[in-house]
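Asker: Residue numbers (the numbering used here), protein chains in the order written: chain A, 1 to 358; chain B, 1 to 159.
Keep in mind the hints are simulated off the structure, nothing from the lab.
Some hints could be false.
As the list claims (entries may be wrong) - Pairwise CB distance ranges (calculated):
#  : chain 1 : residue 1 : chain 2 : residue 2 : range
1  : B       : Thr5      : A       : Ile353    : 21 to 31 Å
2  : B       : Thr37     : A       : Asn6      : 44 to 54 Å
3  : B       : Asp45     : A       : Gly68     : 20 to 30 Å
4  : A       : Ser139    : B       : Glu10     : 53 to 63 Å
5  : B       : Met1      : A       : Gly33     : 55 to 65 Å
6  : A       : Gly33     : B       : Ile48     : 47 to 57 Å
7  : B       : Leu47     : A       : Met72     : 23 to 33 Å
8  : A       : Thr241    : B       : Met1      : 42 to 52 Å
9  : B       : His31     : A       : Leu97     : 43 to 53 Å
10 : A       : Thr349    : B       : Arg23     : 43 to 53 Å
11 : A       : Ile37     : B       : Phe53     : 49 to 59 Å
12 : B       : Thr30     : A       : Met72     : 16 to 26 Å
13 : B       : Met129    : A       : Ser139    : 54 to 64 Å
14 : B       : Phe53     : A       : Met72     : 29 to 39 Å
All C-beta atoms, glycine included, are put in the ideal place defined by N, C-alpha and C.
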Amino acid sequence: MWSFSNIADSIHNGLSQTFNPTVTVILEMVIAGLAVIGLFAMLGLVLVIMERKVSAWMQIRLGPNRVGPKGMLQSFADTLKLLVKEGLTPNGADKFLFNLAPFIAMIVAMLLMAPIAFAKDFQLWDLNIGVLYVSAISSIMVISILMAGWASNNKYSLMGAMRSGAQIVSYELSAGLSILSIVILTGSLKVSTIIQSQADGWWIFKGHIPAIIAFIIFIIAVTAETNRAPFDLAEAESELTAGFHTEYSGMKFALFFLAEYVNVFIVCAIGTILFLGGWMPFHIGHWEGFNHVMDYIPSSIWFFGKTFFLIFIIMWFRWTFPRLRIDQLLNLEWKYLLPISMINVLVITAMAILKWHF
Amino acid sequence: MKFITKYIKEVWLAIKSLFVGMRRTGYYFTHHKEIITQEYPDNKDSLILPKRFKGEVVMPHNENNEHRCTGCQACEIACPNGSLKVVTEFNLLENGRKKKAIDKLVYHLELCTMCNLCVEACPSDAIIMDQTFEHSVFDRNELIKVLNKPGSKIMDGVE
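With the rest of the complex left out, here is chain B (with noise of 0.2 Å):
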């Protein structure tokens, strides 16, 4: 007698679990406000992207061409393939002493995996992903970048 109640049992439960499974299928079907495809080149202007979507690697600069970057390495150490290269140089203050700061910072967007990695390990907030995405270039040389714009030099107050 236990047996049958199981087993009635079990047939009423996979049926009512397919039910469910029928009945969200069925909202998403007769509700197409809920569609959540984009219609990307006709929508260029309108495109919504995810908060989280990742782009590529930039380092914003303020007005006065000043970024945050101290030269420090954590973003090249956390790399996993390589992707950024830092070139520091060593400036002197009036004080006689030597300051690191960099000189370029040079990115690989063709090796990147848009990992986040770098953006987690710098201490001073200076790079960031940006939410660009179209990336295609017909020379390969185009892919690999400088971060910092020329001329530009680090914030006051950013160690």
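Isolated chain A (complex conformation) (with noise of 0.2 Å):
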């Protein structure tokens, strides 16, 4: 049957007949990179067309729907203005960090990609550490942002630049105490693992309330950290013309905003991994006839199709709510998200000593 895994096979396989090991490494890891710069490439045009059209629908709009049928195209025609659009560079302007920090965002959500499995045996790299990993490297996003706002010598970058400091150091915290939650159920920092273990149930049904808080708590955290609204304070157009990219333009903007867009499908992929089951199948209980129906449909539709899920979600409270104050953002998360975050991982070691989830 065809699925990803075995065309990775098979271009492994023929790789390995023509050439030594040592080229054959070299060899897939261009093709991976390729196969990544092409899913950007393919999610920067389906997420912005999917998000103006999900934004339009929600405030009672029509959306875009001249360019192609039912406007479809009309990312390919943002893309194609952005690319010939002039990549100005200001005069005050660090140069050099200027021009390094979207490149430094498009790293970062490059190297995300590694640990994530996107169907069944299809991962780049399957570290023992992959969610340790994905904390850590998320958290160097910051620093591209911090960059831009600071070398851009704009009193709005560079207020854009600090909030989104202050907001990814206190979002990380419950972000990372609700991984941790499923880690402890697990028992396993490795992505694969991860996965393996929900074979029979994913970990937001096996594990009771408390999954389910974690998993509200993740969502909230992450929607923080990619800077969307209601908490795109990094970038709130309403006071900071555009935060910290207020001044880039051309290709070096569209840079930032596809990292943004790459983002959003990183931290829903994690989270699909961590609490909606990764790649693997919806299965109830003993209903046989009803799970070899639910087997027969590709892994990697399930990935992409709860991905996608997640990240409708994260755009429908975009379009629903309103912007938070910073003293508002921080009331939040210190207040609210860390006190009820760390209960509920105090809970759920409880419940993985006591095995009383399924």
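Build the complex: two chains, separate frames, hints provided.
Answerer: As structure tokens, this is what we get:
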């Protein structure tokens, strides 16, 4: 049967028949890099049109409907516009850091792709501390934002960057604690083991109410970490023009824009892996017939379906809730999310020791 | 203990209010018949404007080329930025008395903010707000309009 792992295996076999092992590894790395870049481009195009259509329908508008069938080629037109625009560097800016910042944002997004399992046995790098790696690397994102804000020599940029720093430092905690609760239940940091442990049911169902609370806190925290509304203080259009990327234009702006959407995809993929079983199909207890039908759907479709469902939920948040003030934002984290997730981790630990979960 | 119940209640109310908002946008997301956007140049024939949409000030005339304007200048006084100018004349009646009437009611569309104050000030309902909105022209002078039609006179019975 057709699957991603079959394609990967056949590429590997084909290459190792013609080349020696070292060249094979190098060629496979190049292919993987190109595949990741291709996935980025696809995600940029798909998520931008998805965001615009979702926002339009939620605000009782029509959205883009002129370019291509039902406006579905609008993001191609936007990309073309961004490609031919001039990338301006302001005179007062720190030229090196200013030009470096968007690439750091992209590199972080690319690094985060490594431990994600897109389908059954289809993963770039199944390292044994996968979840820790993700939470460590995703914090580097803030460096690119601070760099962009500082180097722009613009008060709005600096303000947005500083806000973003405060925000990520605080929300990393509750995101980490909710990731930790699943690590406690699984007993492993390895992505493939976490997914295997959900073969008989996803953690959000197996972990009772504490897992659901952890899931909700995770979604709130990652929305804050990716700087999306209602936590978009870093680029609050109405107060800071565009926050840290005020001075950026053309392709450099597009890289920041793309990095935002890719980050949304990545955090939703992590949420899928931890709480919704990654590429595991949906199974109900002992309904053999139902389970067989679910098994028939390819694992990549399960993974992308769940991830896009989470992305839709995060978009739903964005187009429903008003932006928080900075004190409200920090209150929410330190007075509500952090105590709740700490107690939640304790409850989950007790549950894991006493084997209360299914 | 009181503190903890208050805390839990606050969290519960917050989550509830967020769900109310998400239900509303979710409803709009799934019910596309609620969409209020009109694809304007495409639906020029079937364009539905809201009842209170204000395009420009016009003076309706009946079939005998008669209007209801007495030349009282209430609109000119009411207008906050001088978009309306009433040029009056005095007609000699057969009983020897003079009667005030309008010669021209000049309307500066380029100054008008469509505030509707002139229409509300008019005691004889001589001017109304029309719903035309395609006002762009190549020469600014075309925006200075005379509202009463040439040769028109006041309707009988309007004082």
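Asker: If a hint holds in the structure, say so; if it doesn't, say that too.
Answerer: Each hint, compared with the structure:
no.	hint	result
1	B/Thr5 <-> A/Ile353: 21 to 31 Å	holds, 29 Å
2	B/Thr37 <-> A/Asn6: 44 to 54 Å	holds, 46 Å
3	B/Asp45 <-> A/Gly68: 20 to 30 Å	holds, 26 Å
4	A/Ser139 <-> B/Glu10: 53 to 63 Å	violated, 30 Å
5	B/Met1 <-> A/Gly33: 55 to 65 Å	holds, 58 Å
6	A/Gly33 <-> B/Ile48: 47 to 57 Å	holds, 54 Å
7	B/Leu47 <-> A/Met72: 23 to 33 Å	holds, 27 Å
8	A/Thr241 <-> B/Met1: 42 to 52 Å	holds, 48 Å
9	B/His31 <-> A/Leu97: 43 to 53 Å	holds, 48 Å
10	A/Thr349 <-> B/Arg23: 43 to 53 Å	violated, 35 Å
11	A/Ile37 <-> B/Phe53: 49 to 59 Å	holds, 50 Å
12	B/Thr30 <-> A/Met72: 16 to 26 Å	holds, 20 Å
13	B/Met129 <-> A/Ser139: 54 to 64 Å	holds, 59 Å
14	B/Phe53 <-> A/Met72: 29 to 39 Å	holds, 33 Å
Comparing the model with each earlier hint shows violations of hints 4 and 10; every other hint is respected.
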